[in-house]
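Take each chain as given, in its own frame, and dock them per the hints.
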Amino acid sequence: MNEHELGFDTEFMSNAEVEEMLDNLVTTIGDEAAADDSQTAIINPYRIQQVLYTYKVLKYLTKGTKAKVTYALHEPYKSMGVVSVVGSDLLFRNTEWFMKAVELASNFEVYPKTDGTVQMDFTFHGLTRAIE
Amino acid sequence: MAFVNCFDVVSMVVEEATSQFAPLWKLNKESNKILEQYCSVIDSLAEEFGGESFDVTVDDIAMTITIVMECEDMTIESATHKFYSLAQRSKALGFSVSEDGNLNVKFVFPSVWTKV
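Chain order of the listed sequences is A and B. Per my numbering, residue 1 is the first one in the first sequence, and the count goes up by one each step. Per my numbering, residue 1001 is the first one in the second sequence, and the count goes up by one each step.
Chain B extracted, bound-state conformation (with noise of 0.2 Å):
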């Protein structure tokens, strides 16, 4: 998982829709930064959880930002875990199987545009 960083992943993504949404929609860059904090907590559940790969998909009507992990598995045994920040700071949290029988961990977050 070192050479993959969660947020380089989402970047790529954000780029991509910035550009779908223009002209009427702008990145806020305030929004993004906010977005790269809870990327850097995803990077530290990857390295604890043994997380394999990163998805992220930008959803065009709600314009929400999905990132997907995928892991072995996940134990959480204490109250101040960074999941439970991070999970508090999504709009929605789900747990599906993947195609390669490990456990995805999906977090959606709040749109990073603002209209311009």
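Next up, chain A with everything else stripped away, as it sits in the complex (with noise of 0.2 Å):
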């Protein structure tokens, strides 16, 4: 397939387009997801073990604290999983440990909420190897 019928010589024409084109690619992400997690697949036991990290180290890390460290393994696909640290002043004296649980993860998102509380979330992809 050249670029040509890939439609890059082609140019947005309205805000409409740009909100179709949008929606389809949002689509397509979550119709591939799905697709993959249909696959039969083995656990992968290092991301497993990341996710393991990260997880007893934030708990290790707000010891004595009012903070909550939580986890789910294949949520929302069987690929993927989360650790999660809600709390209302969350700080870390160990930022070495703090900073590798944050590589460990494919994506590293914080937030704040309306009930004033912060929550960090360390997504991993890869929790699962699809199998031919």
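Quick caveat, the hints were computed from the structure, so don't treat them as lab data. Bear in mind that the values here come from a model prediction, so they are computed numbers and not experimental data.
In silico DSSO-like links for lysine-lysine, alpha-carbon gap of 30 Å or less:
{"hint": "1", "chain 1": "A", "residue 1": "Lys-59", "chain 2": "B", "residue 2": "Lys-1091"}
{"hint": "2", "chain 1": "A", "residue 1": "Lys-59", "chain 2": "B", "residue 2": "Lys-1106"}
{"hint": "3", "chain 1": "A", "residue 1": "Lys-68", "chain 2": "B", "residue 2": "Lys-1091"}
{"hint": "4", "chain 1": "A", "residue 1": "Lys-100", "chain 2": "A", "residue 2": "Lys-66"}
{"hint": "5", "chain 1": "B", "residue 1": "Lys-1115", "chain 2": "B", "residue 2": "Lys-1091"}
{"hint": "6", "chain 1": "A", "residue 1": "Lys-56", "chain 2": "B", "residue 2": "Lys-1106"}
{"hint": "7", "chain 1": "B", "residue 1": "Lys-1106", "chain 2": "A", "residue 2": "Lys-68"}
{"hint": "8", "chain 1": "B", "residue 1": "Lys-1091", "chain 2": "A", "residue 2": "Lys-100"}
{"hint": "9", "chain 1": "B", "residue 1": "Lys-1082", "chain 2": "A", "residue 2": "Lys-56"}
As structure tokens, then:
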């Protein structure tokens, strides 16, 4: 397939076209993830170990505080997992260990919640490997 | 955020603390230069994450410098993001909610003063 067939020589002509293509992209990503999910797969133990390290190190670093650390494996797809920390004032004095957890995650997100707490999500991809 | 520069705020606070700590302690220019580099990284983080303000304080006892950046939220997807190197150089890193309901990201940096 060449660049012409892919549509690189055309331009968006309206906001509606931009929105339509964005919607299609989101739908495609969801479809691909769902398709991956239906394949037979095996657990990737190394990746699970990384989720476990992140969960345990965050529990350790927040010990004695009111912060709540939770984890979820194989959600929303079986190849994904997340470790979350919720608290009102999160302070990490061992930045090396904390940043190692951030590095291991595929995605790190932190945001304020309306109840006055902060939530940190460490998202992991690759918890399973598809087999042919 | 373009009109507020992190190091401008830090400089004012550090200058005030330097006069307070004198004559026993003096500002280490080399350390202050490194702090300026940290501030330029914080400026770029503020630009990326919709930074709205900076708050800078100096701990009178530990002489550490705390910089709090208020922003909307923070998402990092690359292991080479500048946030990593900055956070690893800080003595502590914190997250909380600001009075306006935004995210406060707190960096605690080492002292920039040396004994005379």
